[in-house]
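Q: Protein chains in written order, with this note's numbering: chain R, 150 to 643; chain Y, 94 to 218.
If you're looking for bench data, these hints aren't it; they were derived computationally from the structure. As the structure is a computational prediction, the values presented were derived from the model and not from experiment. C-beta: ideal position from N, C-alpha, C; glycine also. Each hint should be verified, as a subset may be incorrect.
[Stated by the list, open to error] Partial list, derived from the structure: chain Y residues whose beta carbon lies under 8 Å from chain R: (1) L156; (2) L159; (3) G160; (4) V165; (5) L168; (6) V172; (7) A178; (8) T182; (9) L185; (10) M186; (11) A191; (12) P193; (13) L203.
[Unchecked claim] Estimated spans, in silico, between C-beta atoms of each pair: (14) Y/R206 / R/D202: 50 to 60 Å; (15) Y/S135 / R/E436: 55 to 65 Å; (16) Y/R206 / R/V611: 23 to 33 Å; (17) R/E344 / Y/L147: 21 to 31 Å; (18) Y/S183 / R/R383: 22 to 32 Å; (19) R/L575 / Y/P208: 50 to 60 Å; (20) R/D331 / Y/S135: 24 to 34 Å; (21) R/L276 / Y/W212: 30 to 40 Å; (22) Y/A140 / R/K283: 27 to 37 Å; (23) Y/A140 / R/L520: 26 to 36 Å; (24) R/L347 / Y/W212: 24 to 34 Å; (25) R/P498 / Y/S135: 22 to 32 Å.
Given next are the chains, with one letter for each unit.
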Amino acid sequence: MDSFLMAMSNLASGWIILSAFAGVLWGIFGGALPGISPSIAMALLLPFTVGMDATNALVLLASVYVGAEYGGSIPAILIRTPGTNSASATVIDGYEMAKQGRAGEALGISLMSGLVGGLFGLAVLVLCTESLAKVALAFTPAAYFSLGILGLSVIAGLSSGSLVRGLLAACIGLMIAFIGSDPVSGVQRFTFGSEDLLDGVKPILVMVGLFAVTEMLVQIGEPPWANGGNASTRLKLPNWAMTKRLFKPQAIGAVIGTVEGVTPGAGGTIAAFMAYSEAKRWSKHPEEFGKGSPEGVAAPESANNVVTATALVPLLSLGIPGSNSAAILLGGFLIHGLQPGPMLFQKAPEVVYGLYGGLFIANIAMLLIGLVILSPCMWLVNRPKPFLIAFILALVMSGVFAIHQSIFECGLVLGIGVLGYVLRLLRIPVLPLVLGLVLGYLVESNYRRSLLISGGEHSIFVTDPVSAGLLSLAVLLSLYTAWKEFTEKQDAKS
Amino acid sequence: MGVGIVLLLASFFLFVKSLKNKAAMDELPHSGETEVPAAKGSKHPHAMALGLILILASYVFLLPLLGYVVSVGILVGAVAWFAGARRYTSLLMCSVLAGPLLWLVFDWALEIRLPVGLWPMWLGK
């Protein structure tokens with residue numbers, strides 16, 4: 150109850166409400182643009198949150214995620230081009246409905262399902278996070294080290310389907326995390342005598358480089374986005390009979406979104422596709438799926454909006470982000486000197502409760518903005534791609550400069566963008582890299598603290614029961630991924 | 094503690110399930126691929142990426158010399174032209190407007206000082 154009151158009093162300051170609305174608006178636009186994923190939309194805003202109050206900054210970033218998941222369904226339904234990956238499942242029935250002249254209805258269903266999903270996910274977030282954080286509070290440094298290793302290996306195994314590539318990326322991330330002054334003894338590492346590198350490479354620069362700059366480098370060589378679409382479509386909210394019919398697919402989406410969101414490495418896209426196929430299986434009208442079924446829009450759209458909140462559960466309670474977007478939100482925490490995890494509830498509870506309240510406002514904002522945003526959105530999607538790329542890059546370069554007024558960092562971001570491009574050519578996933586970077590400090594400091602406690606004995610990582618359990622889970626999961634990969638290759642050969 | 098164990102078990106179960114599901118995802122119909130067969134990307138995507146990086150690098154080089162407003166104008170115009178925009182009126186308009194517009198956002202709204210370049214020296218101030 151205390152926390153609820155705290156959240157409410159936080160909402161009384163208008164800035165949170167403003168942040169939520171601005172974030173959702175930006176998110177819907179970003180989500181609607183086919184080249185901009187939710188994480189890129191968040192990364193573009195990240196530099197601008199430096200000067201903001203911590204709570205407002207985090208609400209802004211989280212709201213972008215909420216808005217982007219709805220925004221992605223707009224071009225998915227109207228022009229058969231998903232604006233975000235997780236809207237891919239919406240295309241199947243959403244575009245069929247649009248072809249039958251029911252585009253407005255499909256968009257209304259998407260908006261309502263997103264709202265239902267978002268609020269459900271928020272409830273799960275509020276209920277789960279603190280109890281999970283209390284569990285984590287009992288962790289010893291050794292257990293914390295192992296948790297970091299577990300998080301890294303799960304993401305490494307899941308994010309590309311190739312364990313070796315994933316682990317490679319995680320190691321590159323850890324290597325970048327080593328740059329700068331040693332956190333314990335202050336010794337300079339990999340700085341090459343450069344003063345600019347004394348503080349290390351900021352995660353925010355890596356995120357902007359890897360997500361935004363790399364994407365633009367790829368986009369410039371790719372064909373223009375599909376144009377067209379009827380901007381005059383009027384959004385139509387579902388009526389009562391439809392609302393009742395949508396209850397089941399939305400509930401399926403909510404449950405799947407919850408578990409998928411909490412699981413590291415799963416994320417909105419998998420949740421949306423799973424929700425789609427489960428909704429089809431349990432539907433009274435499975436034959437309508439693929440031919441314009443409203444349920445086929447409701448299930449994936451509620452699932453991917455649930456994920457916008459539940460993906461924050463492992464981040465807030467354990468300090469381990471499970472997806473690109475959560476990693477960028479972690480970047481937002483780090484900018485303001487906050488480390489998400491169990492201690493956050495003691496050190497800065499007002500930030501956590503402010504974030505809860507802000508997410509609630511963001512979902513309301515999504516409904517209100519969603520009702521009127523359609524035409525400006527389609528106008529933006531129909532702008533020529535060269536100009537969009539140019540303005541996005543101008544925004545990136547200006548934003549990066551704004552962080553520390555450093556020209557060196559502008560160049561650094563370009564270098565990281567090139568690194569991301571090369572990694573993409575080699576099909577090495579970037580999420581383990583980002584995770585390795587942001588978890589590098591957590592892993593290293595707890596590793597060294599454990600060794601201080603044990604007097605330099607590495608056996609502490611296996612004698613501590615929680616640590617041993619987490620480590621063996623990491624080994625098991627890695628072995629399973631490797632075995633899975635091996636058998637798939639064998640199947641492909643025969 | 095119980096919650097943690099349940100979550101760990103659930104995540105393991107889902108880990109297995111999501112791996113299975115990835116295969117199922119690939120079978121579902123995909124969008125976008127069949128929509129616009131006429132539109133093609135660049136024949137040399139890597140060359141395009143290299144060119145873009147060079148433009149961005151020159152921006153970083155020019156920023157301390159020409160100042161923010163001029164550099165960003167050049168950046169927007171150059172990138173849009175390089176990416177294939179050929180309507181010169183819109184190119185010119187975007188170039189000229191981008192600098193002052195973004196400068197307003199940063200300097201006035203966000204109160205971030207942007208480089209003015211060497212103009213004061215050149216103009217003899």
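Q: Hint by hint, say whether it matches the structure.
A: Do the hints match the structure? See the list:
About 6 Å separates the beta-carbon of Y/L156 from the nearest beta-carbon of chain R, less than 8 Å, and the hint is met. Hint on Y/L159 is violated. Least Cβ distance to chain R is approximately 13 Å, over the 8 Å limit. For Y/G160, the shortest C-beta to C-beta distance to chain R is roughly 12 Å, which exceeds 8 Å, and the interface hint is violated. Contact between Y/V165 and chain R, as hinted, is supported at the beta carbon level, the nearest pair being about 5 Å apart and thus within 8 Å.
Satisfaction of the interface hint for Y/L168 is found here, the shortest Cβ-Cβ separation to chain R being roughly 6 Å, below the 8 Å cut-off. The interface hint given for Y/V172 holds, since its Cβ lies 4 Å from the closest Cβ of chain R, which is under the 8 Å cut-off. Restraint check, Y/A178 versus chain R: the minimum CB separation of about 4 Å is within 8 Å; hint holds. Interface restraint check for Y/T182: the shortest CB-CB distance to chain R comes to about 12 Å, outside 8 Å, so the restraint is violated.
For Y/L185, the suggested interface contact is broken, since its CB lies about 12 Å from the closest CB of chain R, more than 8 Å. Checking Y/M186 against chain R: minimum C-beta separation of about 10 Å lies over 8 Å; hint violated. Annotation: Y/A191 was flagged as interfacial toward chain R, and the flag holds, the nearest CB pair being 6 Å apart, inside 8 Å. With its C-beta approaching chain R no nearer than about 12 Å, Y/P193 sits outside the 8 Å limit, and its interface hint is violated.
Evaluation of the Y/L203 hint against chain R yields a held restraint, the C-beta minimum of about 6 Å falling below 8 Å. For the pair Y/R206 and R/D202, the beta carbons lie near 21 Å from each other, so the given range of 50 to 60 Å is not met. Under the hint 55 to 65 Å, the C-beta atoms of Y/S135 and R/E436, about 43 Å apart, miss the expected range. Distance hint check for Y/R206 and R/V611: the Cβ-Cβ separation is about 54 Å, which falls outside the suggested range of 23 to 33 Å.
Range check, R/E344 to Y/L147: about 27 Å between beta-carbon atoms, so the 21 to 31 Å window is met. A hinted range of 22 to 32 Å for the beta carbons of Y/S183 and R/R383 is consistent with their spacing of about 30 Å. Taking 50 to 60 Å as the suggested C-beta distance range, the pair R/L575 and Y/P208 does not conform, at roughly 36 Å. At about 45 Å, the beta-carbon gap between R/D331 and Y/S135 misses the expected band of 24 to 34 Å.
Here the CB-CB span from R/L276 to Y/W212 is close to 58 Å, at odds with the stated 30 to 40 Å. A C-beta distance of roughly 55 Å is found between Y/A140 and R/K283, which places it outside the suggested range of 27 to 37 Å. A hinted range of 26 to 36 Å for the beta carbons of Y/A140 and R/L520 is inconsistent with their spacing of about 45 Å. Evaluation of the 24 to 34 Å hint for R/L347 and Y/W212 yields a pass: the beta carbon distance comes to about 31 Å.
Distance hint for R/P498 and Y/S135: a CB-CB separation of about 51 Å, inconsistent with the stated range 22 to 32 Å.
Checked against the numbered hints given earlier, this structure breaks hints 2, 3, 8, 9, 10, 12, 14, 15, 16, 19, 20, 21, 22, 23, 25; the rest are met.
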